[in-house]
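**Student:** Chain by chain, the residues run as shown.
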Amino acid sequence: MPKFLVPTAALAAGMFVGPALAEEPIIIGFATAQSGWMAAYDEQPVLAAQLAIADINAKGGLLGRPIEFVMADTKTDRAQGAKAGKEVVDKGASLVVVSCDYDMGSPAAFAAEQAGVISISLCANDPKMGVQGVGPHSFSWSFAAQSGGYALAEWAHQQGWKTAYSLLDTTIEFDKSTCAGFNSRWKELAGEAALIGEDTWKNDDPSISAQITRIQSLPEAPDVIMLCTYNPGGASAIKQLRAAGIESALLSSQAMDGDYWLQAVPDLSGFYYNGYMSIFGDEPDAERQALLDRYVATYDKAPTTSNFITGYALIDGYAKAVERAGTDDPDAVLAELNKFKDESVIGIPFTFTPEMHIQLKWPLLMLKVENGKHEAIEYITSTAEPPMGLLFPN
Amino acid sequence: MYAVQIAVDAISLGSLYALVALGIGLIFGIMRLINFAHGDFIALGAYALIVPSASATTTLFVGSWPWPLMVATVILFVMLVALVTERAAFRPMRHARPATLLIGSFAVSFFLQHVVLSVYSSRPKALSIAPGLSEPLIVGGIRILKLDLVVIAVTISLLIVLAVFLKRTSYGIWMRAAAEDFRMARVLGVRANTVIAIAFAISGLLAAIVSIFVVIKGGLLSYRMGVPLVLMGFVATVIGGMGSLVGAVIGGYTVGMVSVALQAVLPTGLRDGRDAFVFIAVILILLWRPGGIVQVAALKERV
Amino acid sequence: MTIRRYLDVSAPAAMPALLIVGIALAAHLFGSNLLQHSVIEMLIMVVLVVGTYVFVGNSGILSFGHVSFMAIGAYATAWLTLPLFLKKLNMPGLPTFLHEWSIPVTPAAFLSGLLAALVGLVVGIPILRLSGIGASIATLSLLVIVTVGYSNWDSVTLGTSSIVGLPPYTDLWVALIWAVSGIVAAHAYQISRHGLLLRASRDDEVAAQAIGVDVFRERLIAWTVSAFIVAIAGVLYAHFLGTISIDAFYLNLTFISLAMLVVGGVSSLTGAVLGVVIISLLIEVLRELERGIDVGGLNIALPPGSQEIAIAVTMLLILIMRPDGLTRNREARWPFWETGAPDSRDFKGQGRET
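Residue numbers (the working numbering), protein chains in the order written: chain A, 76 to 469; chain B, 106 to 408; chain C, 3 to 356.
These are computed hints drawn from the structure, not numbers from a lab.
What you are looking at is a predicted structure, and each value in this text was computed from that prediction instead of being measured.
Please note that the accuracy of each hint is not assured.
Computed spacing ranges between beta-carbons, pair by pair [to be verified]:
no., chain 1, residue 1, chain 2, residue 2, range
1, A, Leu293, B, Val244, 17 to 23 Å
2, B, Ala302, C, Phe32, 48 to 54 Å
3, B, Leu165, C, Gly294, 35 to 41 Å
4, A, Pro341, B, Ala108, 30 to 36 Å
5, B, Val224, C, Gly95, 40 to 46 Å
6, B, Pro157, C, Trp155, 39 to 45 Å
7, A, Glu453, B, Leu174, 42 to 48 Å
8, C, Pro97, B, Leu165, 54 to 60 Å
9, B, Pro171, C, Trp155, 49 to 55 Å
10, C, Leu120, B, Pro372, 26 to 32 Å
11, B, Pro157, C, Ser157, 44 to 50 Å
12, C, Trp155, B, Val292, 53 to 59 Å
Partial selection, computed: residues in chain B whose CB lies under 7 Å from chain A [what the hints assert, rightly or not]:
no., residue
13, Tyr107
14, Gln110
15, Leu118
16, Ala161
Calculated from the model, a selection of chain C residues having no Cβ within reach of chain B, i.e. all distances over 10 Å [said to hold, decoys possible]:
no., residue
17, Ile5
18, Met17
19, Gly33
20, Gln38
21, Pro94
22, Leu96
23, Leu100
24, Leu113
25, Leu123
26, Pro169
27, Pro170
28, Asp216
29, Val217
30, Arg219
31, Leu284
32, Ala303
Backbone N, C-alpha and C define an ideal beta-carbon position, used for all residues, glycine too.
With the sequences and hints as input, model every part of the structure.
**Tutor:** This is the structure we're talking about:
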């Protein structure tokens, strides 16, 4: 039994207690992964989205109509993903929510696109989850990976670090884009020579000794090493780097969020990364902390990573557009979404244009791990946007 | 200096691959079975260290015991898994053609992976075992991880023990006979079930040792962690020479060293294609020595 | 061959073809949209497995590399059929004529197949010099090399990223026509002189060489033909999902296709198709159980993830009970038809070691 069937049954029960029962419901389809490896990463944003739906229904629904949701399991399989997209569209969905990953979410998104239905990815960081990739009705409710790299580069520069080394895990596109953004912006701010080296590895390589040797044979240790990676390879790399005696600051992205991997590197220090918020109890923004508390109260467990909030933001933002359009007809809602300019959704500004359906600036929380404990540092928003040539490098 | 350091990295990775290749080669030699589930034996050995749970934070279970007990338990556990797999899946298929055996081993592997996925979820599990071994020894400017020394030492000792076992004990002689000519060996009185069970048990032992090393080095578990290892081990067994255990070891070191050498030597643009170059090297080695580097006379087709 | 003779020996092609035509018709008349979706998936797998069988079944060499021809076919059709503005935007490395020229899918399919056959010809020359397990490892190397190559050829394949936007083309009837064509082509090959010579070498390589069979050449021919057919599967797949990504064409697909082939019967065309049909059916039933079915008012649902476990156990059980596959490596025969004509079974009835 999928873990969230029990709480969603409760939410569903809650939906029917609200007013306006007789109105035709607005249907939101979740074509996301409930099994296979993607399930672990889709689960929590989906739960947050369902919480948002329950909240809206408790206040009388959207345009006076209750929101119902239908789910179809993509099983972390592309062909199943396309099928899941078709399935929820057939059930009358006016919005299809897809997986938090461009490769895994695009089949369902494309299926929605072909039916003229809006699709929004929970947290894919690929600009191609949008007009230039899937089509004009497709969005991602997160920020471009290149922008994330930009923000990290700006923050690193603000820390006074002078030299950086870029270590890229080439397994997935997300990391290539993050490092592309970081490298470009770092060189702009700190100078061409400030990127003293680059290397690559693959996430499932059993050893990065050769890469470590290359770093240690540099004339001077870099101030910071940018690690564009994800787990398990990411934590493995950090463990090996520290074990080899490399003391440079280590910088990474939201893919390394969460403290579940810290046990592999006990007493880790000098590790910095960006998150959507802090799930460790020290979140500076009150609204987001309140959202975290409500999530924990509703589902009786804490989220593993901070990207769960994109699920809530997605539903909230969609609801705003629907209200302005006065209907849930996809083209009308699309027109409203395309007009979003610094539209505040759970305190995060969202801007869309007919050409750009992903955020190029996002208030990111920088966190650090010191002595094996997470600490929030400060919020930053990048001051520049990556050019089109970097967002769509091919 | 750089070259010497790379050589140390290469030998260390080679030792790991050699252990995997040995585990695969042992069974291949006797049964003509390419055991793709070997990678999942390794994964199961690693997962045995933690409490079975899908929660994100890991709780050490066997992993928190004193190291001799922990090592012994993991070894026994993986040996058990190997023996059960043999009994339940491979023995009924014993006389099938190699293609069937191969797909059978893939089915076992698929099964084990998805059982682990169901129990532990796909989020990688983190743990720290024997952190002291991850510290480096600096010898004359060369960084050698204590773990690397242990891996090399254990590999060599295991090889010696295995060689003595195969040459001197009656079980060992049975196994070598079975590897050369199974049918003939049975005619001469060698018990097939015993020999195969021993082969799987030793293979399980080797898998357990690899899993402990992998966990100490990387600290993370994921349900597909065995796949790259079994792939490289399979390739190593074939280029080293099928049916020959020394060949499997040579194959393992070759693959490991070529991999590290390419990582160190390729220019930035080509480095992402490292695996492609490794496999081009594999094809070249096979074209040069089709039967593997160490040819076993008995395996040559007789006309 | 006279018509009568061909009809006599055509059962191995006609029976599987009739089976899949029957399934497609049933799905069209009685099945939901989603069921038809699954049947199209199955038909694409038929093309892949039949293509793989043309080489593996006739030569006796297990190939782990065929899925790379599927990848080549899928990307080739993307280069030929994507809307021009997408190609200009995302694939600057393509030659200019492709930026200005896109063609309909059917001709693109043939061209993609030809490209894969050409690549197959070139790489087959070193790989097929090897025999037995060495050749199999070489085919595995091919898979890795193509995967790594395409993953890094960003300007033309978008690297590790998905290509989205392939024009829809693969509906039920298109897939069916290609699947039946694949079966007919595979059958035509295996009853041809080349097919028979290759099978001779499969059963006894040395004896075949002794009677003058150029084993290397026959293998190369089978390899090239098989590459073409497998590439068509790639084209169908690409225009079915509308999106492709290189990581779809790697170990999982390799093993599921080989499993379907072996479970059906590795040296039998009927087995190839039957393996696909049976395993696809099992997977679909298990998926429905995972979704939950209503039995007398109760909703019974398997926990998510049990489908994969169940299919692994089922495949193992089938292999234990029928190690030579469901068809026991025999081909289908017309029931109640005494032919007296030689059919395409090898003389020993059961193939030797593959």
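**Student:** Each hint needs a verdict: does it hold in this structure or not?
**Tutor:** Results for each hint:
1. Leu293/A to Val244/B: 17 to 23 Å: At 21 Å between Cβs, range holds.
2. Ala302/B to Phe32/C: 48 to 54 Å: Given about 51 Å between the Cβ atoms, the range holds.
3. Leu165/B to Gly294/C: 35 to 41 Å: holds (37 Å)
4. Pro341/A to Ala108/B: 30 to 36 Å: holds (33 Å)
5. Val224/B to Gly95/C: 40 to 46 Å: holds (45 Å)
6. Pro157/B to Trp155/C: 39 to 45 Å: holds (42 Å)
7. Glu453/A to Leu174/B: 42 to 48 Å: Cβ of Glu453/A to Cβ of Leu174/B: about 47 Å, so the range 42 to 48 Å holds.
8. Pro97/C to Leu165/B: 54 to 60 Å: Check passed, 57 Å falls within 54 to 60 Å.
9. Pro171/B to Trp155/C: 49 to 55 Å: holds (51 Å)
10. Leu120/C to Pro372/B: 26 to 32 Å: holds (30 Å)
11. Pro157/B to Ser157/C: 44 to 50 Å: holds (46 Å)
12. Trp155/C to Val292/B: 53 to 59 Å: holds (55 Å)
13. Tyr107: This interface hint holds because 5 Å falls under the 7 Å limit.
14. Gln110: holds (5 Å)
15. Leu118: Nearest chain A Cβ about 5 Å off; hint holds.
16. Ala161: holds (4 Å)
17. Ile5: holds (36 Å)
18. Met17: holds (23 Å)
19. Gly33: holds (28 Å)
20. Gln38: About 27 Å separates Gln38/C from the closest Cβ of chain B, which puts it past 10 Å; holds.
21. Pro94: holds (17 Å)
22. Leu96: Non-interface label stands for Leu96/C: nearest chain B Cβ at 20 Å, farther than 10 Å.
23. Leu100: Holds, because the least Cβ-Cβ distance between Leu100/C and chain B comes to about 24 Å, which exceeds 10 Å.
24. Leu113: At roughly 25 Å from the nearest Cβ of chain B, Leu113/C sits farther out than 10 Å, so the non-interface label holds.
25. Leu123: holds (16 Å)
26. Pro169: holds (31 Å)
27. Pro170: holds (32 Å)
28. Asp216: Consistent with the label, Asp216/C stays out of reach of chain B, its closest Cβ about 18 Å off (over 10 Å).
29. Val217: holds (13 Å)
30. Arg219: holds (18 Å)
31. Leu284: holds (13 Å)
32. Ala303: holds (15 Å)
Checked against the numbered hints given earlier, the structure satisfies every one of them.
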